[in-house]
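Chains as they are written, first to last, in my numbering: chain A, 1 to 64; chain B, 1 to 410.
I should point out that these hints are in silico values taken from the structure, not numbers from a laboratory.
Values in this document were obtained by computation on a predicted structure and should not be read as measured data.
C-beta atoms are modelled at their ideal positions from N, C-alpha and C, and glycine is treated no differently.
A couple of the hints might just be wrong.
Stated by the list, open to error - With the Cβ distance kept under 7 angstroms, some of the chain B side facing chain A (calculated, not the full set):
# : residue
1 : G112
2 : Y352
3 : G353
As the list claims (entries may be wrong) - Taking lysine to any residue and the SDA-like style, the derived pairs with C-alpha atoms no more than 25 angstroms apart in a straight line are:
#  : chain 1 : residue 1 : chain 2 : residue 2
4  : B       : K117      : A       : R45
5  : B       : K117      : A       : G64
6  : B       : K62       : B       : A36
7  : B       : K337      : B       : L383
8  : B       : K42       : B       : G315
9  : B       : K118      : A       : D47
10 : B       : K117      : A       : I4
11 : B       : K62       : A       : Q50
To be verified - Covered, in the sense of this in silico footprint (three residues per stretch, anywhere, with C-beta under 8 angstroms from a C-beta of chain B), are these stretches of chain A:
#  : region
12 : 34 to 46
13 : 51 to 61
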Amino acid sequence: MRVIIEQAKCCGAGQCVLAAPDIFDQREDDGIVILLQENPSEESRADVLQAIKVCPALAIRLEG
Amino acid sequence: MSEFAAASCPFSGMREYPIKRANPLDPAPELAELRADEPFAKVRLWTGQDAWLVTRYDDVRKLLTDPRVSADNTLPNFPGATPGMLAVRTKYPSFITMDVPEHTQFRRMLTGEFAVKKIEALKPRIQQVVDERIDAILAKGPPSDIVRDLTLALPITMICDLLGVPYEDQDFFHAKADLITDSRTPPDVSSKAIQELCDVYIAGLIEKKNQHPTDDLLSRLVVNQLRPGHLTPIQLIGIARLLLIAGHDTSAHTMSLGILALLENPEQKRALIDDPTLINSTVEEILRYVDVTHNGRRRIATADIEMGDHVIRKGEGIIAHNAAANRDSDVFPDADKFRIHRDARHHIAFGYGVHQCLGQPLARAELQIVIGTLFRRIPSLALAAPVSSLEFKETSFVYGVERIPVTWES
Ligand code: SF4
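Using the sequences and the accompanying hints, generate a full structural model.
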């Protein structure tokens, strides 16, 4: 599975970091999402799906 | 369709909004009927304008992320919440009433300040404030008013810390914020409150920060944004008053009503005391269940929007009712029950879309610490007066309770 983020859409709400702290983080200066793992292991699928569900800016997608 | 005799205007037959509650901890029962029978309903506001009231979770989320839906309250026919809110927003616009891309540019000046990890670092300070407050409550002995003694004090202290606002001024700005957010406040009184808060108080504060910047958020905005010209003084006042008002009222009332919900559901309270690891899900459930932004998110359509059988026309106002959506049983089974074990993380008490609350990591941290600590340290906490005798802030933009008298075994 491949996680795709769109930083341009992100509003820095931090929901993804709460849902999947191993996969997502926020940039120090402006709080915008950064991806820690582009291809996380299968075990993280539920957390990534949760992050997608709660991201208010629809800035996260999953392929595969 | 159901009857709305009590909520309808006798002359026009139009349903008036907001709709009154029947029980203090539940949204108006008519909202549930609308969600079932009339998910897009026309309502009449205090201004005489009509707007669409949208109550289903999926519809609310769709509209709040639709680029044809605008938050710009300067557009004609925008459904304003209270005279004071409308005036303050027009005079001191902030990013919550801007659309993308302007919104993005302004919001990003602040997102770093509220990032999850930044707030994580504040937790010891939050814990310290909560501990001091509870020490004082215990030292004084029962009874206590939990609103005055705990839930109002914590968010005000934190917002003062963060913004660099003197603690001595909290009674002043809290009183002004109350006037601005209450729909009963006459327009001339709210304009005066806005003037005193923004033109005098906040403008003075910013001037002081400009002369002697310190290590706080307002000083950083002055140095990094105002001085180089990324923000005008009016824009900076707009941001400061937003953070000052939105940053304490909403959290305080969510804490108060959350504590009340736990006291009213003793088996849930017991479950939390027996298993403190339930605190995170308890807080999400509190946010879902009490949703203090109880009269919905205000928006306007900038193009025709087809939603199922309905068309919201360009220029029509929209009230996307997050609080009603949070009680949608298609999404949260048995939604009217307060259940701390459920996974309610996808509630929309903080809104949804790019305007979703910026301060939510702070609000969550405060809620988790205050609720967790309170019931750990005073497990026998109980109401000292029936809920029916309490006074609720139904006419305010932010729902809340004035006081919660409590007692405990000392
Ligand atoms: S949840 Fe969405 S908007 Fe919030 S930080 Fe993550 S990607 Fe950005």
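- Message: Name the hints, by number, that the structure is in violation of.
- Response: 5, 12
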